[in-house]
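**Q** Protein chains in written order, with my numbering: chain X, 1 to 95; chain U, 1001 to 1496.
Do not rely on the hints blindly, as some may be mistaken.
[As the list claims (entries may be wrong)] Derived DEER-like restraints, expressed as beta-carbon distance ranges:
1) F1286(U) <-> Q5(X): 55 to 65 Å
2) A1314(U) <-> G48(X): 34 to 44 Å
3) D45(X) <-> H1146(U): 51 to 61 Å
If you are wondering where the hints come from, they were derived from the structure by calculation, not from laboratory data. Remember, it's a predicted structure, so these values are computed and weren't measured experimentally. The beta carbon of each residue, even a glycine, is placed where N, CA and C say it ideally should be.
This is what each chain is made of:
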Amino acid sequence: MSLNQEGVGRIARLARIELSAAESAATQDQLNDILGFIARLQAVDTTGIEPMAHAVDVVQRLRPDFITETDRRADFQAIAPEVEGGLYLVPKVIE
Amino acid sequence: MSATKWEVVIGLETHTQLKTQSKIFSGSSVAFGAPPNAQANAVDIALPGMLPVLNREAVVCAIKLGLAVGGKIAPRSIFARKNYFYPDLPKGYQISQFETPVVSGGGLSIKVSEGTHRAGAGNTAIEKFINLTRAHLEEDAGKSLHEDFHGKTGIDLNRAGIPLLEIVSEPDMRSSNEAVAYAKALHALVQWIGICDGNMQEGSFRCDANVSVRPLGQKEFGTRREIKNLNSFRFMQQAIDFEVQWQINEIEEGRAIQQATVLFNSDTGETRAMRSKEDAHDYRYFPDPDLLPLEITPAWIAKVKASLPELPGAMKARFESDYGLSAYDAATLSASREMADYFEETLTAAGRENAKLCANWVMGEVAGRLNKDGMEMTAGHTVPLAPTLLAGIIRRITDNTLSNKMAREVFDALWVGEGKDADAVIAARGLTQVTDSGAIESVIDQVLAANAKSVEEFRAGKDKAFNALVGQVMKATKGKADPQQVNDLLRKKLEA
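Excised from the complex, chain X in its bound form (with noise of 0.2 Å):
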């Protein structure tokens, strides 16, 4: 499997990246190089074995439900470029 231009660019804008032609055509190497080594890794034999969903082979931690978290609002929105009211601003989203 290789990608195309029209297929970088797809992911591209899937990913709100915006390449310019120069760099789509590196970014379509770069890919492809990646798309190689996974070949490779596709190229073993697994019949038999279960997929990891983890690098590591432990098992989800859990948390009991308890609330530990207080209101700090105002030391996030001191960072944040623009609020209103409480709420965080952005440009407008239109659906």
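Given the coordinates of chain X, work out where chain U should sit on it, guided by the hints.
**A** Showing chain U alone in chain X's frame:
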């Protein structure tokens, strides 16, 4: 117009907000109504370097649901990242489950009354089993406020990270009635097992309906459109009915249905396409490296099972076998835990032998009066008449103190808080039924003497005349005579 008969196919995805204290991956409070962003901490607003840690109680809720619907609870399930960009999703992905959900399969029984939109109207309800595909744990997103902030959008992240269980049904429903019946049954179940408060106004229980139509008899499904965020049963019914008619019109006029997400406008009663499903929905799911596989041991499941209340299905069966109720009555009384508790408390106080009478009064007078007063028998609502007081009325019916008519009078009085119990109302209003046969017989004698014509007509074979005579006796006793006794004594006298 073609003569094609159309079949409607509906599947529902329901987001139930789980009844926890804290968020699914952080220790922020989930209380409703806090000032904006006062309950959004570093994990919820996605500051770099934060690590989500799973809330045990959210998992317990999922196990409960799995047990209640008879689904399979995964011994190991995986959390995945669902990637999309939206300002109320600060990480750029939602933590959800994809390939291995915590619950798969199972289902629930629904009761549908055909031909009417009113659930429970008439005794014509049919039962149907709706299969579930899966239920998975995920986090909620924040809220976008599009009011005018100088041309900007305001973001409140208090809701970001609130635990949700998304319950996905198979496309098993064939009408808006069935979809609403399923949603109501699920709504009752999640409250019954205590995993969700069921508050639809506050968004604790929201449904998306996948709707398609196909010619009756066709095997393949039609192209579906997904109606988003239905937060009332009435809107669900209206939205599906409108959508179905729209799709049929489109197809009959030769236009193909495009897969789309649509919104229901409750002011116009119409559905409208929101966005077409192209690469906006390429979510690029992958296992979240921040979270390890969730392990649920058989011992844990057993422990949760032991904590579950009796489930609606089991309760319905018990009402039938132990109390001799009909399947319909048993299903109605076990439709919600509040209704069932009210019935059983009445029964305990009135005596098991009066089960049918208790059932009739709870489903009839109590439910009717609640409906009339715009109230419901749901969590947080108190029925004005305590079950023990209702039982007091029922005991006075069975010992013949009260006729049914008198009992209703006592019921109305107690409902509005007049008198401390049935006996007090009976005493205050002088409502005791006359059961002294000597007294009744003397009234009957007077009535027969004064109504010679009716007596003649009865003897000539006119049954109506008998009823007229009963009416006269009841009138003469001011309705206080036991009607059955009047019937028996009168017949005896006339046939003597």
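**Q** Now look at each hint and say whether the structure bears it out.
**A** For each hint, the structure was consulted:
The hint said 55 to 65 Å for the Cβ distance between F1286(U) and Q5(X), and at roughly 24 Å that hint is violated. For A1314(U) paired with G48(X), a C-beta distance near 42 Å keeps the hint of 34 to 44 Å intact. Between D45(X) and H1146(U) the beta carbons are some 54 Å apart, a value that agrees with the proposed interval 51 to 61 Å.
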